[in-house]
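Visitor: Using the hints provided, position chains P, X and D relative to the given structure of chain W.
Quick note, the sequences are listed as chains W, P, X and D, same order. Going by the working numbering, the first sequence opens with residue 3, and the numbers climb by one from there. Going by the working numbering, the second sequence opens with residue 30, and the numbers climb by one from there. Going by the working numbering, the third sequence opens with residue 727, and the numbers climb by one from there. Going by the working numbering, the fourth sequence opens with residue -12, and the numbers climb by one from there.
Just so you know, the hints here were simulated from the structure itself, not pulled from any lab data. Among the hints, a few may not be true.
If you want the ones that stay clear, here's a sample from chain X, every Cβ over 10 Å from chain D, calculated [as the list claims (entries may be wrong)]:
1. 734
2. 758
3. 792
4. 811
5. 827
6. 937
7. 938
8. 948
9. 955
10. 959
11. 1019
12. 1071
13. 1089
14. 1094
15. 1158
16. 1163
Taking lysine to aspartate or glutamate and the EDC-like style, the derived pairs with C-alpha atoms no more than 20 Å apart in a straight line are [unchecked claim]:
17. X:986 / X:1126
18. X:1155 / X:1136
19. W:170 / P:45
20. P:231 / W:218
21. P:55 / W:284
22. P:39 / W:146
23. X:903 / D:21
24. X:903 / X:932
25. X:792 / X:1035
26. X:1003 / D:21
27. W:193 / P:301
We treat Cβ as the ideally placed atom computed from N, Cα and C, and that holds for glycine.
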Amino acid sequence: MNDISSQIPAEAAGTRQPERRFGEPLLTVENISLSFGGLQALTDISFDILEQEIRAIIGPNGAGKTSMLNVINGFYHPQKGTITYKGNIRRTMRPHMAAAQGIARTFQNVALFKGMSTLDNIMTGRLLKMHNLRAPETGVFGLDQVLRWGAGALDFVTQCLYWGPNEKEETRQRAYCEEIVDFLEIQAIRKTPVGRLPYGLQKRVELARALAMEPELLLLDEPMAGMNVEEKEDMSRFILDVNEEFGTTVALIEHDMGVVMDISDRVVVLDYGRKLADGRPDEVRSDRGVIDAYLGVAH
Amino acid sequence: MFYREAGQFKTSYAADQAIYPIRQDKIGILILFGFSLLAIPFIAPIYWLNSILIPFLIFSLAALGLNILTGYCGQLSLGTGGFMACGAFFSYKLATAMPDTNILIVFLLAGLGTALVGVLFGLPSLRIKGFYLAVATLAAQFFLIWMFNKFSWWTNHSPSGVISAPPRAVFGDIDVTSASASPEAKYVFLLLLVSFLALIAKNMVRSRIGRSWMAIRDMDIAAEIIGIRPMLAKLSAFAVSSFFIGVSGALWAFTYSGSVEALAFEINRSFEVLFMIIIGGLGAIMGSFLGAAFIVLLPIALDTIPLLLGLPLSVETVAHLRLIIFGALIIFFLIVEPHGLARLWQIGKEKLRLWPFPY
Amino acid sequence: MGLKSLRWAAAALALSVAATATPVVPAKAEGDQFIPLLVYRTGPYAPNGIPLADGFIDYFNYVNWKEGGVGGVPLSWEECETQYNNDRGVECYERLKNRGASGATVINPYSTGITYALIGRATEDKIPVLSMGYGRADASDGTVFPYVYTAPITYWAGADVMVQYAREQEGGSLKGKKIALVYHDSAYGKEPIKTLERLAEIEGYELSLFPVAHPGLEQKATWLRIGRQVRPDYVFMWGWGVMNATAVKEAASVGFPMDKFIGIWWSGAEADVLPAKEAAKGYKSLNITGVGKDFPIVQDIVKMHEEGEGLADPANIGSVLYNRAVVNGFIITEAVRKAQEKFGQRPLKGEEVQWGFDNLAITEQRIEEAGLKGLMGPIEITCANHEGAGSALVQQWDGENWVAITGFIDPNRKALWPEYKASAAQYAKEKGIDPRNCD
Amino acid sequence: MNLKHLAIGVVCSLGSIPVVGLLLQQLAEAAPNDIFFGWDFYIEVVVTGLLQGVMYALVALGFVLIFKASAIFNFAQGAMVLFAALAMVGFIEMGLHWTLAFLLAAVVMIIVAILIERVVLRPMVNQEPIILFMATIGIFFVLDGLGQTIWGSNVKALDIGISQTPWFVLQGEFFPGGLRLIPTEVVAAVVGALTVTLLAVLFQYTKVGRALRAVADDHQAALSVGIPLKFIWAIVWSVAGIVGLVAGVMWGTSLGVQFSLSLIALKALPVLILGGFTSIPGAIVGGLIVGVGEQVGEVFIGPLFGGAIQDWFAYMLAMIFLLFRPQGLFGERIIERV
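Chain W extracted, bound-state conformation (with noise of 0.2 Å):
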């Protein structure tokens, strides 16, 4: 797992096949509901996200998008339905047993760490594959909890003393972190403050981080929100790239249609936090519930 060159697939990610492109279903949301009081965020939800696809998700604003999102990486717990993840049922669970399932994730307005730098947001990224010590497995029952509850005891005091395995760790992974600055082309910021970086550059850095965490998952919410062209056909190749070399599965909110429709695999559209539509974006675009939800026709 931590040989960083076998996480960075060279130059022959290009050369995939177009057929082999999608996989099994990495995540299905079945019948999802959600309410706050008497706020009814979400109705009955279904859809779900194959293996290596974009997947965009649209509405007019208000729709559940960025609900949705929170429900998927368990910030939000609906009230109904159910969410399938690796072909596995899951449970009620905390955002960061998400994280730590390979889940990541971007931010309508820009959440990074404020007062760290652009590496350390990166390094921040990097936590859950960051390991000074691992316990051996022993198969005893008993044993590995308290093996493992040893290591990150020795764990801690090599931290303290940032020795040895630390000091090791950290540049290993400062390595890989280095490796997302080149690929994002954030070389020139990487000791800035975050808060001082204009809001194009925070996106980028948010994204830096969310690949750090090696996701399966990525969700990104607006990521091209008030960017000029440039800048969206900047971010928009990024997206097409990690999903192509690293082989990450994207979703996607995005206003932008132009954007939406270019680099998306399949979209589902969200009205009044019901499901209007879902398919390939042509056919979407046609579907006349979209327009009429865009157009703003009553109901």
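Guide: Only chains P, X and D this time, still in chain W's reference frame:
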């Protein structure tokens, strides 16, 4: 001119991650440490050792502890005094119950005990935030002080509830605790201990654990979504912070004051330490030291200024003026540089780097 | 001024703070006997601290004015504001201990907390600590505490006097009576508990304890229980600062008879009863000095003020705590005088003054001669006995003034000394102190 | 919405009084040596607590006003109480009637408020809450020092013509000795109730009140629709100063005006977290709960632990409560969004 980093290239990530990546800084800090260790004990007057340097070092440690919790993890705490009291009373009980144990181990155990108490009182932080949490930590403050004051077991049934530190040595027969120890020995002991603990703190905040604290501080929701367990991060911050504060409380009772009652750790102590980290700089190890120095020195300086100027002010007027000036200075500093002395220090360094060119 | 220049100002300020913190030794004439004064003229205890500090400076000034000092050696002093705060007290001590021609003569901490904090330090520095009517009672044992003096009387002895007085009021027996102790929940307030508990067994009264949390603003619950539930025959109080005034008010409001309510000598100053006004009428307290201005020495000080030589606020002259400071000052100058007999008339070191204390005997005759008759009882300090066998009287508030209603009462020292000894022995054991030999 | 919540809060609180009483009765039977319980005594303790609670609420009210309008946790409220009371006593000592002195002291507090807004708040707009909090501690020191420099540190009696002798009302079978009421406290309760009503009306029905609520909701938005933020802040601090003056007068008449008055701010903090930092009715109900809880706790539970538990009892009460309702009694429910 001499403060140039041009020509210093880092060829490995390890070198780039060092505490002081710039060579001049490294040399500077080594000289400062060497001077503090080898020269100050011999040249500083006893008054400086006893009344300024020793409390400064102890307060720095407490500020360091609070800075980990408040500056790095973003959890505002007003319970510092209570945790210092824990350290003081735990170490007193341990030191008197096990007179033959090395005092360093006693301090360590007292710190660990305080860490446990810190975790206990940190539990509400999982539910409540901001000023609500701050007020909730006052519960810890008042409860702990009451407990040490109320149950005479903590003071070995001293009729007045005062503990007085027994003399103990770290090695050989050079005492470092209680009033009978020489100020020089106490100072050197404190300098080494506090420097070591500061190094540990620095290492923590540039490692994984420190990053998870800062992530919680900057945006707890995003931190959780990238996989940080808020409970673990917050409680570990409470534990580490309380450990530092507990050790500083033990040092306060054993090396500075020699004898304390629980009321010595009342709410004002909490505010004092909070001032230190705000003035010094939240989220800066250096800031804890600068802030502690400032708060220790300011009242003494304010007392001395009228004497220096030869103003015939009564003690009463000076005392009142001191309150006013103290308050006004704090407001002034907060307005001018809310990021504290540490930031001023940094700005100064950046200026020096470019000097004599303005940009 | 831009933010930038302000920033420079801030940096410059921070640096100058560091620079000016260097203690300056003010120019003092050579040949002074220097006495550091730890005062609190500000903060929550200022109402009590101001008359105390005023009494000191007026008395020392008076000695210089009248006789040109002690044995020709002028007195000098410097006030240091502690705000009744232990750390500041320690800092003041460290700052002042080496001032003057020969360093500090003696320390008067005027706070039990500061006394505790200074005992070890002062012993190490060989500077006597005179904790007059406060501090550690067991420090009366001069073999364990060679540099600490509790003269003329300790809290334990004070508790004993209170019980004696109450017994006398009850016609000689306290059997079956109820006594409540309302105390400041701190080192200070807890001092009398052991003594009162011991006496409860002997006298047969029932003791109930009512701690009051610092600073003592909240006593409603305490007095509800006292007034409605426990209904004691007597209430004793170990209070300080705002706690006293609050207690007197609350006692009045639950209708507790004021003349059965007796405070320790720190609960019987003007500031303690004034806020309660007429409700406080009849309230009693102990005092270790006489009350009022009707003493030759106080009259002399008034004269000094008339001649424009006074230093303090004349309104404080003759107040309870002012008088106490005068007596305290007198004990110090007597100790210096005694020490001069042995070491000569020059500024003396703390160590030398300690000898003066150890051999100090202030007789009735000497008191009268110095114009303090009625202001204090005789004391006799020895190497082993640092309490000096002083005494206390009971005073009562008549709505306008404090009035002494008894003469000086001697505590039952025979019973107290074994207690001092035992407690001091435990301290010695804990600190690894070898008691000195006084024979 | 506030009225409904207030009603529920009051009913629940009142309802819990007999329940707690019954529990304590059981406890007293279990530990007769430590606890003494009688219904008449209990009622008297509760009444004392309620009256005391109003006094706390008066102090807490100042905090709430400022927090509501500027999201500042104003630690200097205690010092403002002391400063106001000192000013008033100062004017009385100059020979003025107390009503006139009160008005002049109010003017002083308005000047103080304007100064604070000008010198401290204006340069610190948009700072983090914790920095502003520390700045108010700075204000605390300045006001404490200034007050003592001008008026001295001595205890001063404050007499506004309220008798100190307790009344004993309802003398009869149930209360053999009568129910003890202290006139100062009764007056304080009435004044407290009036102050709250006045503030509620001010907030609800005046133009300034509407602006205040708008500012409380969202500074930026309020600013953008043309509400003069600085003016509003000056108003709020003035009102908080005057509420502090009222509290100072009430506390001052019963304790004497002196330094320790500034410490009662600490007693108001548990009230704040119970009632919510932003709710005026919360301050009142919180004050009552803390007042009663504290007195009942100290009288009936305190003896089990050796007493003097008042200091932390209120905080623990508030903290345990917070664990179940993190936003306080009347605070608005927090829905987190990303």
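Visitor: In terms of Cβ atoms, is chain D entirely out of 10 Å range of residue 734 of chain X?
Guide: The claim holds: residue 734 of chain X sits with its nearest Cβ about 17 Å from chain D, beyond 10 Å.
Visitor: Is the hinted pair residue 903 of chain X and residue 21 of chain D satisfied, with a Cα-Cα distance of at most 20 Å?
Guide: OK: residue 903 of chain X and residue 21 of chain D at ~19 Å, within 20 Å.
Visitor: Take a quick look at whether residue 39 of chain P and residue 146 of chain W sit within 20 Å of each other, Cα to Cα.
Guide: violated, 41 Å
Visitor: Given the proposed pairing of residue 903 of chain X with residue 932 of chain X, does the C-alpha separation stay at or below 20 Å?
Guide: holds, 6 Å
Visitor: Within a Cα-Cα threshold of 20 Å, do residue 986 of chain X and residue 1126 of chain X meet the stated pairing?
Guide: holds, 19 Å
Visitor: Please confirm whether residue 1089 of chain X is truly not at the interface, meaning its C-beta sits more than 10 Å away from all C-beta atoms of chain D.
Guide: The claim stands: residue 1089 of chain X keeps its Cβ more than 10 Å from every Cβ of chain D (closest is about 37 Å).
Visitor: Between residue 193 of chain W and residue 301 of chain P, does the CA-CA distance stay at or below 20 Å?
Guide: violated, 33 Å
Visitor: According to the definition I'm using, a residue is off the interface if its beta carbon is farther than 10 Å from all beta carbons of the partner; does residue 1163 of chain X meet that for chain D?
Guide: holds, 41 Å
Visitor: Over 10 Å to the closest beta carbon of chain D is the bar; see if residue 1019 of chain X clears it.
Guide: holds, 19 Å
Visitor: Report holds if the minimum CB distance from residue 955 of chain X to chain D is greater than 10 Å, and violated otherwise.
Guide: violated, 5 Å
Visitor: Take a quick look at whether residue 231 of chain P and residue 218 of chain W sit within 20 Å of each other, Cα to Cα.
Guide: Status violated; Cα separation ~34 Å.
Visitor: Just to be careful, I want the Cα atoms of residue 1003 of chain X and residue 21 of chain D compared with a cutoff of 20 Å; is the pair within it?
Guide: Status violated; Cα separation ~35 Å.
The earlier numbered hints that this structure contradicts are 6, 7, 8, 9, 18, 20, 21, 22, 26, 27.
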